[in-house]
Amino acid sequence: MAPLTAPKSGDALFASVDRVNAELFTLTYGAIVRQLLTDLEEVEEVNKQLDQMGYNIGTRLVDEFLAKSNVSRCVDFKETADVIAKLGFKMFLGVTATVTNWDAEGTSCSFVLEDNPLVDFVELPDTCQGLHYCNVLSGVIRGALEMVSMKTEVTWVRDMLRGDDTYEMRVKLIKQVPEEYPYKDDD
Amino acid sequence: MAQPAIYSLFIINKSGGLIYYKDYGSAGRMDTNDSLRLASLWHSMHAISQQLSPIPGCTGIDLLQAHNFDLHCFQSLTGTKFFVICETGAQNMETLLKAIYELYTDFVLKNPFYEMEMPIRCELFDLNIAQVIQKDRLALLGR
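Keeping their order, the protein sequence lines are chains A and B.
Numbering of the first sequence is given in my numbering, commencing with residue 963 and proceeding in unit increments.
Numbering of the second sequence is given in my numbering, commencing with residue 100 and proceeding in unit increments.
To be clear, the hints were calculated from the coordinates, so they are not data collected in a lab.
Be aware that one or more of the hints could be misleading.
Said to hold, decoys possible - List of simulated lysine to aspartate or glutamate pairs, DMTMM-like, C-alpha gap at most 25 Å: (1) B:Lys-209 / A:Glu-1108; (2) A:Lys-1030 / A:Asp-1077; (3) B:Lys-209 / B:Glu-186; (4) A:Lys-1134 / A:Glu-1026; (5) A:Lys-1137 / A:Asp-1077; (6) A:Lys-970 / B:Glu-216; (7) A:Lys-1040 / A:Asp-1013; (8) B:Lys-197 / A:Asp-980; (9) A:Lys-1030 / B:Asp-133; (10) A:Lys-1137 / B:Glu-193; (11) B:Lys-113 / A:Asp-1077; (12) B:Lys-209 / A:Asp-980; (13) A:Lys-1030 / A:Glu-1007.
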């Protein structure tokens, strides 16, 4: 499918979408996490729930990204990762990520976020040490990629809230589901 | 009044189910059964056309031309298909389909009460689509 117009740059994309006040966004997310902690009590359950919420967001958000960014089909997972880091993060979070630590097969890599708007004002208390505060982000990526036939596993490797120097998300491509229909039934 | 440029709009989910159908103007109206049948037929034809292609990487039929109508189809990378049936030689249908895709992401997917892959019943979407199509029609009349 040839794109009608050239793909937009990250900055152009960011400028073209509606935005809300950053504090409103950060505080709303904080309130959600807080509420989940109250409701579910277990930190592990909250991680799971955040991931699931992210997944649900991702499956819807991917279409918006594709519709508004004018990107065309990526040739490989490397290109996909670059598009997410440079355009995806920019469009929805206003930051860009760096893609690093590729493995030899080119099926897993890390997104490193220097700047993460979700965590302004956040300090993890001792009782929540196991919490992946930004787990919604990994869910979004997993959900979005699944809609374009890529099964992935996304985990947090480094988290500044836990004392690391940066945010690092590991994305592993498990399998690429082919889009072809099963025509081989009568073989 | 000149003939309307666009007769109808269809949206098919990735498994071939019709999730949106709307006709504009009096020509080419279809009842529910016919529209469902046409949608699944188109879904299959689209898939077959990909298999027919001598060169790998074909994404399916974009345009079907008949002597009294054109059918323009756009498939998103996530597998949702949008197609319009319009008068022959209608221009800029790719742009229109793209605009419809954007409206779909805004008013359907972002509606928290919309269930994915299910029929679309969103008033805001209807309204905005009608506007885009109306605009298109005026542009065509102004030729």
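field: Restraint status (C-alpha distance of Lys-113 of chain B to Asp-1077 of chain A at most 25 Å)
entry: Roughly 36 Å separates the two Cα atoms, so the pair is violated.
query: Is Lys-209 of chain B close enough to Asp-980 of chain A, meaning Cα to Cα at most 25 Å?
result: Cα-Cα ~13 Å, so holds.
- prompt: Do the alpha carbons of Lys-1137 of chain A and Glu-193 of chain B lie within 25 Å of each other, as the hint requires?
  reply: The hint is violated at about 32 Å.
Restraint status (C-alpha distance of Lys-1134 of chain A to Glu-1026 of chain A at most 25 Å): 23 Å, holds
task: Please work out if Lys-970 of chain A and Glu-216 of chain B have their alpha carbons no farther apart than 25 Å.
output: 28 Å, violated
- prompt: Do the alpha carbons of Lys-209 of chain B and Glu-1108 of chain A lie within 25 Å of each other, as the hint requires?
  reply: Given pair Lys-209 of chain B, Glu-1108 of chain A holds - Cα atoms ~18 Å apart, limit 25 Å.
query: Does Asp-133 of chain B lie within 25 Å of Lys-1030 of chain A when you go C-alpha to C-alpha?
result: 33 Å, violated
message: Lys-1030 of chain A and Asp-1077 of chain A were given as a pair; does the straight-line alpha-carbon distance stay at or below 25 Å?
response: 24 Å, holds
message: Between the alpha carbons of Lys-1040 of chain A and Asp-1013 of chain A, is the straight-line distance 25 Å or under?
response: Within the cut-off at roughly 23 Å; holds.
query: Has the given pair, Lys-1030 of chain A with Glu-1007 of chain A, been kept, meaning a C-alpha gap of at most 25 Å?
result: 34 Å, violated
field: Distance restraint between Lys-209 of chain B and Glu-186 of chain B, which requires alpha-carbon spacing of 25 Å or less
entry: With Cα atoms ~32 Å apart, Lys-209 of chain B and Glu-186 of chain B exceed 25 Å; violated.
task: With a cut-off of 25 Å on the C-alpha distance, tell me whether Lys-1137 of chain A and Asp-1077 of chain A pass.
output: 30 Å, violated
Hint violations for this structure: numbers 3, 5, 6, 9, 10, 11, 13, all remaining hints satisfied.
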